[in-house]
Structures are given as C-alpha cells and as structure tokens.
Amino acid sequence: AQSVTQLDSQVPVFEEAPVELRCNYSSSVSVYLFWYVQYPNQGLQLLLKYLSGSTLVKGINGFEAEFNKSQTSFHLRKPSVHISDTAEYFCAVRQGAQKLVFGQGTRLTINP
Amino acid sequence: GAGVSQSPSNKVTEKGKDVELRCDPISGHTALYWYRQSLGQGLEFLIYFQGNSAPDKSGLPSDRFSAERTGGSVSTLTIQRTQQEDSAVYLCASSQWGSTGANVLTFGAGSRLTVL
Chain A
1 AQSVTQLDSQ
11 VPVFEEAPVE
21 LRCNYSSSVS
31 VYLFWYVQYP
41 NQGLQLLLKY
51 LSGSTLVKGI
61 NGFEAEFNKS
71 QTSFHLRKPS
81 VHISDTAEYF
91 CAVRQGAQKL
101 VFGQGTRLTI
111 NP
Chain B
1 GAGVSQSPSN
11 KVTEKGKDVE
21 LRCDPISGHT
31 ALYWYRQSLG
41 QGLEFLIYFQ
51 GNSAPDKSGL
61 PSDRFSAERT
71 GGSVSTLTIQ
81 RTQQEDSAVY
91 LCASSQWGST
101 GANVLTFGAG
111 SRLTVL
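Line by line, the protein sequences are chains A and B.
All letters in the first sequence, in the order written, are residues 1 to 112 by our numbering.
All letters in the second sequence, in the order written, are residues 1 to 116 by our numbering.
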C-alpha cells in the first residue's frame, strides 16, 4: 500500500527565509501526490497537487513542490515565508481508486 | 451548502457513553470521507463512501466505530462506549468522483471530541 513519510514534525524558520518541508512516498506504481495546509483553528485546504506532467507544481500562496521519482520525494518549498504561513502542512498520496493517505504533518512556525 | 458542515464542533462526553458526529457534505459531491486527527498522529483514515458502492471501512479502529450515509448525502459517525483514547478531532471531507486523481477533498472544520 502506498504511504507517505514527513521527515520533520516541526520546522521553525525566520520570516522572509526560505523553507523546505520534506515528504517521501512509497509506491511502485504511478502516484498522485498532494499537499494540504491547516491554518490554526481551520480545516484543511489544498495547497497543490501532482497528477502527471511537469514535475514542478505550483500552488497557492507562493508554494511549490517538486516530484522526484528517483528519490520518491515530493518536497514543498517557498522562497520567502511570512508570518501568515504558520500552519500545519500535510503531504498525502492517493491509495487505490479514491482514498487519500496522509503523513503525520509538519508544523511550520515562522519567527519574526 | 457552500462547504462541508460538521456538528457538533465540540463534544465532551463521559467514558462509556455513545456519541454521534454529523457531516453534511457539499451538494453534488458523491464521495464522503471520515478522518481522525489526534495530537502528533497526523490524519488517520477511517472510512469513505462513494455513491451507492459499499463503503471502504478499512480504517475503522474497532467495532465500536460505525458510520452511515443516508440518501447519498448526510453522514453520521457513531462511536459506542467511548474510551479516552477516542479523544481527537474527527474530520469529514467530500469530493466529486473522478476517474483520475484530480478529485480534491474539501474538508469541514471538524468535530473535537473529548472523552473524560
């Protein structure tokens, strides 16, 4: 079964610094990968998704992720973060026809 | 409605009591999911419904947990004889059915369950 591993449970960074949140997946077949974000006291919302095609995927709020098949990774990046990016970020992979399996989440904290 | 609606937003119950959590998905979304979010545990898949097909119950942690979806719309997650380890935020999501992975889950704000 497909699964994802988020390597960092917490990532603190300073405002305007770049950030990378790591996600590795396990799959021997083609994958559909997602990043969701959960702002404090809110529900999850989709940041971006990779289905096929270009390996560099751009999402909302200036985030992007790169699908790397050889390294089975789908890391999320942003060149310059803002206080408002403080949230929990979840990587997910589609398993089977419809189910999404999520990682354990990475809490991103932005310090002024 | 405009989004996925869950109720109650907060529920405090005593150990051993039964609880029901409700989810009203986006109109027209044929797929409905339940996940559990515990502190430090990420999102744990519980169950999903797709149209009239048999639900995928593979994530339900025990037979105390059950869910139904009436009329292809509203869903109720029931936890019988609650235990303290059931304390978590229960998230519902819905999506349109798609033959590709393009389906995007829209989540509700969750129901926070606290078992004393």
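Derived by calculation from the structure, the hints in this document are not laboratory data.
Nothing here was measured: the structure is a model prediction, and the numbers come from that model.
Just so you know, not all the hints are guaranteed correct.
Said to hold, decoys possible - Think about it this way: if two alpha-carbon atoms lie no more than 30 Å apart in a straight line, the pair counts; the simulated DSSO-like pairs of lysine-lysine are:
#, chain 1, residue 1, chain 2, residue 2
1, A, Lys58, A, Lys78
2, B, Lys11, A, Lys69
3, B, Lys57, A, Lys49
4, A, Lys49, A, Lys69
5, A, Lys99, A, Lys49
6, A, Lys49, A, Lys78
7, A, Lys58, A, Lys69
8, A, Lys58, A, Lys99
9, A, Lys69, B, Lys17
Said to hold, decoys possible - Part of the chain A face toward chain B, derived, beta carbon under 8 Å:
#, residue
10, Leu46
11, Gly59
12, Phe102
13, Gln104
Built from N, CA and C at the ideal position, the CB exists for glycine as well.
Are any of the numbered hints broken by this structure? If so, which, sorted upward?
Failing hints, ascending: 2, 9 and 11.
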